[in-house]
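> Numbering (UniProt numbering) for the sequence shown: 1 to 202.
For the record, the hints were derived by calculation from the structure and aren't laboratory data.
In this text, a Cβ means the ideal position worked out from N, Cα and C, and glycines have one as well.
Careful: at least some of the hints might be erroneous.
[What the hints assert, rightly or not] Derived CB-CB ranges, DEER-like:
no. : residue 1 : residue 2 : range
1   : 189       : 155       : 35 to 41 Å
2   : 193       : 131       : 22 to 28 Å
3   : 91        : 180       : 30 to 36 Å
4   : 186       : 36        : 42 to 48 Å
[Said to hold, decoys possible] List time: in silico EDC-like cross-link candidates among lysine to aspartate or glutamate, alpha-carbon distance up to 20 Å:
no. : residue 1 : residue 2
5   : 169       : 128
6   : 169       : 37
7   : 150       : 77
8   : 110       : 161
9   : 110       : 193
10  : 110       : 89
11  : 150       : 161
12  : 110       : 128
13  : 154       : 119
14  : 150       : 181
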Amino acid sequence: MIQFGSLNQQMQMMGQAMAGPNINAGYFGQPQYPQGDPLWGYFSAIAGQDGEIDADELQRCLTQAGIHGTYTPFSLETCRIMIAMLDIDHTGKLGFNEFKELWGSLSAWKQHFCTFDQDRSGTVEPHEFSQAIMAMGYRVNHQTLNVLLKRYNKNGRIYFDDYVACCVKLRALSDVFRRRDSMQQGFVNFVYDDFLQCTMSI
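The task is simple: from the sequences and hints, build the whole structure.
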């Protein structure tokens, strides 16, 4: 058994609402149905006969829809972990409702990133990155912030694609933890294979 113990009690604040409507720590937007939805056109044009999209198709869909705006389009690896974040049944694909939920999250993460990228360079500095993580409701210690900074910075700055990749992993791993911490005690037990499945899939 692998035990993760005694997280900061403030982790429980990660589920509390942020400023703005229907926004929680790492969560943005709600799934909607395709009738009259402008995103349905992008999704349906790329989805296969099964009505779902894989990572390659998601990358094309997001690029064609232009959610990245003036920033560099999302990498294939980032698209893979986007799918893993919402792919509860481990099919490696997203349906339209899951795509809509992802779109809502990406839109809010982008808006959040723009708040700190005031010079529109497509990057944020380490201290701004730390502020952004905290502003989203995540309460992590200094050591954890340093780990995130080392993982996602390039030449001392964090690019939009890496910023989103970090947001996706934070949300996905927090989801894994919450589902197992049903008593909200701040620690959980993992069977080794379960731990590998949860972490290696993201």
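> Next step is simple, just say for each hint if it's right about the structure.
How the hints compare with the structure:
Checked against the hint of 35 to 41 Å, the pair residue 189 and residue 155 passes, with Cβ atoms roughly 40 Å apart. Residue 193 and residue 131 have their C-beta atoms about 37 Å apart, which leaves the hinted 22 to 28 Å range violated. The hinted window of 30 to 36 Å between residue 91 and residue 180 is violated, with their beta carbons roughly 22 Å apart. Remark: the range hint 42 to 48 Å for residue 186 to residue 36 is upheld by a beta-carbon distance near 44 Å.
Distance check on the hinted pair: residue 169 and residue 128 sit about 19 Å apart at the alpha-carbon level, within 20 Å; holds. For the hint linking residue 169 to residue 37, the alpha-carbon distance of about 28 Å lies beyond 20 Å, and the restraint is violated. Between residue 150 and residue 77, the direct Cα distance comes to roughly 18 Å. Compliance with the 20 Å bound is thereby established for this hinted pair. The straight-line distance between the Cα atoms of residue 110 and residue 161 is roughly 10 Å, inside the 20 Å bound, and the hint therefore holds.
Among the hinted pairs, residue 110 with residue 193 is inconsistent with the structure: their alpha-carbon atoms are about 34 Å apart, more than 20 Å. For the suggested pair residue 110 and residue 89, the alpha carbons sit about 27 Å apart, so the restraint of at most 20 Å is broken. In summary, the hint linking residue 150 to residue 161 is supported, as the alpha carbons are separated by about 15 Å, within the 20 Å threshold. Note on residue 110 and residue 128: the hinted pairing holds, with a Cα-Cα distance of about 14 Å set against a maximum of 20 Å.
A threshold of 20 Å between alpha carbons decides the hint, and for residue 154 with residue 119 the separation of about 18 Å falls inside it, so the pair holds. Taking the CA atoms of residue 150 and residue 181, the gap is about 28 Å. The hint is violated against a cut of 20 Å.
Violated hints, listed in ascending order, are 2, 3, 6, 9, 10, 14; each of the other numbered hints is respected by the structure.
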